[in-house]
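Engineer: These are the residues of each chain, in order.
Protein chains: 2
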Amino acid sequence: MTQSSQDNCSSEQDSHKTHAKHNHDRCIATALNDAVLLCEQRGARLTQLRQRVLELVWQTHKPVGAYELLPLLAKEGFNSAPPTVYRALDFLLELGLVHRISSINAFIGCNQPKHEHPNGFFICRQCGNASELPALQLRELAKQLEASLGITIEGETHELTGLCASCSSKAQK
Amino acid sequence: MTQSSQDNCSSEQDSHKTHAKHNHDRCIATALNDAVLLCEQRGARLTQLRQRVLELVWQTHKPVGAYELLPLLAKEGFNSAPPTVYRALDFLLELGLVHRISSINAFIGCNQPKHEHPNGFFICRQCGNASELPALQLRELAKQLEASLGITIEGETHELTGLCASCSSKAQK
DNA sequence: TCACCTTAGGTTATAATGTTGCAATTCTAC
DNA sequence: GTAGAATTGCAACATTATAACCTAAGGTGA
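First to last, the sequence lines map onto chains A and B.
Mapping of the first sequence onto our numbering: residues 3 to 175, in sequence order.
Mapping of the second sequence onto our numbering: residues 3 to 175, in sequence order.
A couple of the hints might just be wrong.
Claimed, not checked - Quick list of in silico lysine to aspartate or glutamate cross-link-like pairs, EDC-like style, CA-CA up to 16 Å: (1) LYS145/A to GLU57/B; (2) LYS77/B to GLU57/B; (3) LYS77/A to GLU57/A; (4) LYS145/B to GLU142/A.
It is worth saying that the hints were derived from the structure and are not from the lab.
Based on the sequences and whatever the hints tell you, model everything.
Structural biologist: This is how it looks when you write it as structure tokens:
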């Protein structure tokens with residue numbers, strides 16, 4: 003359970019380094035473990051289908067489209083019509099196990115499902131990896147905006163694009 | 003040209019007050035005027051179709067879907083197939099005259115097309131109005147994130163939902 | 001255990017959103 | 001006024017998401 007933060011990528015501080023070599027199996031295992039616990043807590047059923055969809059979403063750190071999942075599920079003998087995958091994704095979204103990135107109509111695993119947090123991502127245009135933005139700064143922004151504009155914020159999504167640290171440094175070489 | 007800031011809603015400071023009674027004709031006129039100037043500057047052609055699409059987008063402060071515009075254009079004798087409206091919208095997006103709000107697949111007029119700025123909106127779930135978020139705070143956030151994560155941000159979109167100031171105060175009564 | 005109820009998933013069809021490719025037209029610059 | 005570029009018309013199609021209805025599986029209390 004204790005391990006160097008280089009080994010996986012589930013901790014928030016590391017989320018922007020997802021390009022770096024890491025033990026991705028551990029990412030998946032952690033995500034799955036979190037999911038099991040969360041479902042127990044909430045009395046929700048993590049069925050085979052739902053679990054498999056979660057695993058597939060977690061195969062990479064790149065956002066994945068719903069329709070990309072269909073053939074993968076089919077290959078494994080699952081039914082694979084759109085409603086099937088959308089229902090599974092809706093379930094996972096509801097529990098905060100995945101996020102939706104609406105600017106590219108794609109889904110990605112959440113690495114902090116245990117704690118509610120604003121939905122914010124940085125997507126590298128080079129490598130395609132997406133990483134969550136630090137909740138602290140997003141919350142700070144929201145607080146400021148609420149104070150200055152008199153609004154009440156209930157939901158937020160932030161989607162940034164550009165070059166990640168790794169791709170930036172490669173580009174300079 | 004000089005007028006009380008209550009009269010229209012084109013200034014950034016007022017953008018969150020778009021619910022309030024205001025001279026909306028002036029909003030449209032200002033937007034159109036900005037568009038004409040910007041097109042002249044850039045050597046771009048603000049054709050009848052493009053201008054009309056811009057006006058239609060500006061009819062309200064609520065984001066409008068591409069497919070909502072089609073029948074409106076048809077009514078006025080314009081061709082109205084999806085590519086027509088999408089091409090016009092793409093043109094307007096390119097020039098920064100409208101923004102796209104991807105979480106709801108909708109478009110909205112930009113009130114500061116003269117200055118490049120981050121794409122950020124607050125959308126009230128009650129009245130449906132959307133207003134731009136202050137560029138200053140968004141830029142500050144971007145700067146922080148670049149510094150702390152080592153990323154290079156090239157594009158950003160922020161989409162917040164909740165209750166606007168007006169709807170909040172009505173809710174309390 | 002059984003009957004009942006609720007939840008999950010299968011299946012078909014369709015809605016909503018967005019794009020491609022090519023022909024026809026209009027505009028602009030020379 | 002003609003060539004080339006930009007714009008629009010038009011038909012087809014691609015992608016993303018949902019509706020409606022039914023069957024199957026799991027959970028619960030008598």
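Engineer: Indicate, hint by hint, whether the structure satisfies it.
Structural biologist: Hint by hint, here is what the structure shows:
| no. | hint | verdict |
| --- | --- | --- |
| 1 | LYS145/A to GLU57/B | violated (34 Å) |
| 2 | LYS77/B to GLU57/B | holds (15 Å) |
| 3 | LYS77/A to GLU57/A | holds (15 Å) |
| 4 | LYS145/B to GLU142/A | holds (14 Å) |
Checked against the numbered hints listed earlier, the structure breaks hint 1 alone; every other hint is satisfied.
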